[in-house]
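Chemist: Going down the list, the sequences are from chains F and W.
Under the UniProt record's numbering, the residue at position 720 of the first sequence is numbered 720, and the numbers go up by one with no gaps.
Under the UniProt record's numbering, the residue at position 305 of the second sequence is numbered 305, and the numbers go up by one with no gaps.
Keep in mind that the hints are not guaranteed to be accurate.
[As the list claims (entries may be wrong)] Straight-line C-alpha distance at most 25 Å; calculated PhoX-like pairs for lysine-lysine:
no.	chain 1	residue 1	chain 2	residue 2
1	F	349	W	620
2	F	636	W	104
3	W	562	W	73
4	W	620	F	270
5	W	277	F	681
6	F	104	W	635
7	F	277	W	620
8	F	628	W	73
9	W	681	F	681
[Claimed, not checked] Not the full set, but computed from the structure, chain W residues with beta-carbon under 7 Å of chain F:
no.	residue
10	130
11	272
12	273
13	357
14	655
15	657
16	723
If you are wondering where the hints come from, they were derived from the structure by calculation, not from laboratory data.
By construction, the Cβ of each residue, glycine as well, lies at the ideal position given by its N, Cα and C atoms.
There are 2 protein chains.
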Amino acid sequence: MSWWKILLGVLGGAVLLAVGLLIGHFGITKTKTINPEWVEELSQDVDEAFIKEFMKEVDNKKIEEHLKELSKKPHMATTTGDEELVKLILARWNHAEYGLDDAKQERYNVYLSFPDKNKPNTVKVLTDNGQNPFTCRLTEANVTPDQEDPEVVQPYAAYAPSGNPKGKLVYANQGKLSDFQYLADQSITLNGTIAIVRYGGAGRAAKAINGAKFGVVGIIVYTDPKDINDGLAERNQTYPYSWYMPESGVERGSYSEDFGDLLTPYYPAKDYTYRIKKSEINGIPPIPTQPIGFEDAKTLICQLAGPVAPQSWQGSLGCPYNLGPGFISSGKFNNSDVQVNVYNYDEIKPSANVMGIIRGSVEPDRYVMYGNHRDSWVHGAIDPSSGTAVMLEITRVLGTKLKQGKWRPRRSIIFGSWGAEEFGLIGSTEFAEDYYSKLRDRTAAYINVDISVFANATLRAQGTPPVQDVIFTAAKQVQTPASSALSVYENWIRYANRFSTLYQKTIPQLGTLGAGSDYAPFLHYLGISCMDISYTYDRNKTSARIYPAYHTAFDTFDYAAKFIDPGFTSHQTVARTAGNVLLRLSDSLILPLGPLDYWETLDSYYNTAESTFGSTLTSKGISLAPLKAAVEQFKKASEALKKTIDELKADNERPLSVRMINDQIMLLERAFINHYAFPEKRYYSHVLWASRSSSVVTFPGLADAYARASASNLEDDWDLVRKHLTIVIYAVTNAASTLETAASI
Amino acid sequence: MSWWKILLGVLGGAVLLAVGLLIGHFGITKTKTINPEWVEELSQDVDEAFIKEFMKEVDNKKIEEHLKELSKKPHMATTTGDEELVKLILARWNHAEYGLDDAKQERYNVYLSFPDKNKPNTVKVLTDNGQNPFTCRLTEANVTPDQEDPEVVQPYAAYAPSGNPKGKLVYANQGKLSDFQYLADQSITLNGTIAIVRYGGAGRAAKAINGAKFGVVGIIVYTDPKDINDGLAERNQTYPYSWYMPESGVERGSYSEDFGDLLTPYYPAKDYTYRIKKSEINGIPPIPTQPIGFEDAKTLICQLAGPVAPQSWQGSLGCPYNLGPGFISSGKFNNSDVQVNVYNYDEIKPSANVMGIIRGSVEPDRYVMYGNHRDSWVHGAIDPSSGTAVMLEITRVLGTKLKQGKWRPRRSIIFGSWGAEEFGLIGSTEFAEDYYSKLRDRTAAYINVDISVFANATLRAQGTPPVQDVIFTAAKQVQTPASSALSVYENWIRYANRFSTLYQKTIPQLGTLGAGSDYAPFLHYLGISCMDISYTYDRNKTSARIYPAYHTAFDTFDYAAKFIDPGFTSHQTVARTAGNVLLRLSDSLILPLGPLDYWETLDSYYNTAESTFGSTLTSKGISLAPLKAAVEQFKKASEALKKTIDELKADNERPLSVRMINDQIMLLERAFINHYAFPEKRYYSHVLWASRSSSVVTFPGLADAYARASASNLEDDWDLVRKHLTIVIYAVTNAASTLETAASI
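Pulled out of the complex, with its shape left as it was, chain F reads as follows (with noise of 0.2 Å):
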């Protein structure tokens, strides 16, 4: 072959080669524009393989380390046993190898009640001539040693004022306002008494504030082994023997009504805010009270003299329970006086909150909030360490996930460990105030464990109807304790279900939110979505008013190993639930609040008016017809949004439309805020969930004005229930505007 023949082949051949490479290139269209990757990350759903991942890393065993070295030593709010875990907890989430991103102490100096070391309350037998038959004890006693410390606390009534009141015994059941009212009407001289009363059925502040009405000068609380040990009152009987408190236990708590520092209301109590006076605080007793333990009031109450009391009132004391006043002349205390002694202080003292953050990747001024408290009343092994254990055991799962690099939410995750709980949720309430545009703008949901564990049977969620859907799913993909083949969405129906209008089938109940726990602030001042997560009774098994070592010295790392969990399984389960629900919400990309799930309790709210109020309302010209339209307005729009989401989804484009919706979601619940709607009750502006008197479940501002102004027939009380009908009627039609197209008039 020529070698022009050759160099021609080649040219050719790499011409060819090249109009190949040209025509490859440039000519045939790559039909797909490539998306950036900022763009795959903006639209990155939540990880169900890492939920997994985090769920079987959750370990019971850490979770009992966890329990034994934060209930190890008493840690009342702001002291040493206190302060100690401060530095444990900043230790955790600062760790270089499960710790978060950062994690700080903030302090508010806030207003705490004390007894006095020195000079110990006391509850006391005097005669005429002033022997002293009987002293009530002064400390619970030691039945295991896990409960010996120095620091333990003489049971009190935080802020019960000090002083030394004198006078007969009566008997006055639960300290309800219609307990005394009963006495009253038997003819009962209450005028200088001291009442004795069992805990439940009234706040612990009330039961002093009615009596106070009455004249009562003193009040002393136990707890009846009705209420609290199924009626067992024997020492074998108790603990260590089972979980039944001993007869020395006695129930320590907050005797205030409000919540938050009591004197720096809606403001942080930091160095530069404004007190109010002592004399201004409203909702604590104004007359001296003590706690006692049923072996003590025991001794009081058989000796009572008087008409014996009503049948509902009789307790398990294994004696006839008498009004009074005084004592039986025949018994040992005849005609003898009783005195209550109480010597609190109250300080103003620092109490640390401690923050911990995971920074979220692709909307960090979004908030998915985490608490719980950090003080006990003693030990506090299961209020609130078994909640901490919890919440410790998430961060050092996800901490270690985050430093390992592994992953990072879409959403910021804040964790709280609140101070001063017990005092009537100060730490959480002080962060909700100091914080409050920066929450109240960007949190899309809190979730609360406080004590994860109260019995091993099944779960309890409370929550607002939005946070339901997302707990059932994690509750679906977590096991119970007892069955692998169980799971806890299973479980928990059979203990608690209804029948749903809107899921058209049965689901499992989810409790409402009361004022219970540091959820308070953040649910009804700032109307962000909440719920409380935790692991609780049999109810056929027990009806104990809670679990029977709350608030007493016995509540110890060993009650909690050997009758609350163990193998803390439990404690397992709810953190993997607990977890499962806080890694949707913070990592999901359209936030899993169900607006809808809303409509079912409006619905349900105003059929109940309807039913019970709806002829008489008729019958004074007030007509529920517009709140019927309002609720049919917010079922219209909250369908129309979820249709809207259904078609996104389908649609991965979209980031301002995703966080366009996510913020109609968050903001939903802050639609029902209403700051004017009930200037007597501070904190309280949710108009769905403000406390409630009377019994009807239904809008509480209404339910409450149509029980006054029904009982007075006063046309200014049926003025108030016309108030209110406005308010449910204007909060209930702002949430559906919140629901409905963004660019609509």
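Chain F is already provided as a structure; the job is to place chain W on it using the hints.
Modeler: Relative to the frame of chain F, chain W by itself:
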């Protein structure tokens, strides 16, 4: 060549071509990822060329046409004239060629007050024996054909009660508390008297409220030529010969201190809404009150007996003003009484807002609002139609672009034509209440243009500090009516300027917002960044309280065209400026609001508090140091945010970062809202801009509490100072926190 060689060549070539194609298509990486189209849309910034085009198309002739149409008939709230304008505006905004995306009317049933057509209010002189030597005129003189209309409402004091009080006349200057106190100090008997007072110095209602405290039984209000006419009072010196008020002119007005519907505070006045009792309304005259013209006032005042009034009380009626009580014995009214006969009635009537919307393309759930009221007292050419004409011109130009598919804003624009503003900002307040949640969470800014042209000397802008810069930017791009070589900015700075420590140069003076127009509910109740834009006076040329035809029958198209803005070029200038601002707010990628600008106000307020109150506060143990620290924290946070924004501007690929920052900017103003700060001041919740009685230009709550405490020196009053200091520090801290890095604790 053999066939196989040819075949080989062809095959070889084909293989080479194929190899080339494959390598070219798959082997050579296209190095750039391609942003999909929606990404470009997300990062689209404001279009300067479009703004120029908009400004060019704003037409003074069209504005003149709009104004002529709008002011053709009297259009007091809820009258036929008002309803016709509702239809007119709806027709414009729904127009196929230049309308908006959507427009509708929304009605509220609001509490209004009118004079009785069949029983006109009168002010009479009555002698001892029942003679009536003089009655003030019932209506204003008709001096131009424009004025004549059977629907012209008689001058009256809206919300003044009906009644027929009679008594000796006294002259009480401006009806301030100090004015009545002065009379009392001079031993002038006030009990049972009728007081004549001039407009100015105190609010309309305050004059009657103050007088009643001293036993005054009726109030006559007039406008002194000194205050409105630069002293000129002769017929040939006033309209139609000049812009000055004719002698028969009477300023009408709402005599209510509160704004919003008076029967439904905090709730929209819908069918479902509870209404308070009329007896519960505060802030309206407790005694009959009637306004009159200065011709009639002269007849009364120049006959007054008693000591001569102080120099500062003297006006331009052409006689010495005596204090009374009663008339000089030598005069025609010797010993006569004056009787004020008021027959006002109240009525709940449906008043319409007209709402229009242009939907946002990228962030439809972010609102930029623009509004003005529609109702006038009489023909209202200037108040409010000069503003409505400007609004209609802006919507005409933007609507045209929209319908032509040439433009759509990034954010949604909501236009509001408010009803019943003259009775107390009612339409806007009911709207703000009705959509509280939505507006609070989504509104970036509210632009108010009420009276667009008071006079044609210079731009006047009032607003919260963050709106300053965007108004400057717009003002630099608009030419003055007088000269194409002079920008509105350059002209403005000549009339009103200050040295800015932040800008480190002299800048135009942005005024502060009170509660004089419809921005009030948006600013004070919702905490939305607001501004009010107009053209105004050369204060070297007039000291008139306001343009002289204000709220009189002389505020006609003829008056506007002859004396306020011949050629309507000042209207055009305002339309260009306000429209420019509107487009920047709706289309800019980063919201053009300056958080750092707030620092200068905070710093100045702090410095004033420190220099004015500092040493006294220190002596009371009150430290301003935490306030200083909060202001510093705000400065640091706003500087850091500015830096973040500057960095972000270089990076188009972060739509969620842009949104996050815009949320911080938008919600900054909200952080100053505290619904608990001023419980006694309805709607006033903005800690920086609430009404202030003290003349010290600093935080209003602090200034007023200080004034009270330093006067009384009561410890409770000093506690109120402490409380208001806490409120201020808390607000500034919250605001700073809103600007700080989102994911921090």
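Chemist: Run every hint past the structure and note whether it holds.
Modeler: Cross-check of the supplied hints:
1. F:349 - W:620: Cα-Cα ~24 Å, so holds.
2. F:636 - W:104: It holds: about 21 Å lies between the C-alpha atoms, which stays within 25 Å.
3. W:562 - W:73: 18 Å, holds
4. W:620 - F:270: Holds, at about 19 Å.
5. W:277 - F:681: 24 Å, holds
6. F:104 - W:635: 23 Å, holds
7. F:277 - W:620: 17 Å, holds
8. F:628 - W:73: Not OK: residue 628 of chain F and residue 73 of chain W at ~42 Å, beyond 25 Å, violated.
9. W:681 - F:681: 20 Å, holds
10. 130: This hint is violated: residue 130 of chain W lies away from chain F, its Cβ roughly 43 Å from the closest one there, beyond 7 Å.
11. 272: 4 Å, holds
12. 273: 5 Å, holds
13. 357: 5 Å, holds
14. 655: It holds, given that the least Cβ distance between residue 655 of chain W and chain F is near 5 Å, below 7 Å.
15. 657: This interface hint is violated because 9 Å lies over the 7 Å limit.
16. 723: 5 Å, holds
Violated hints for the displayed structure, listed by number in ascending order: 8, 10, 15.
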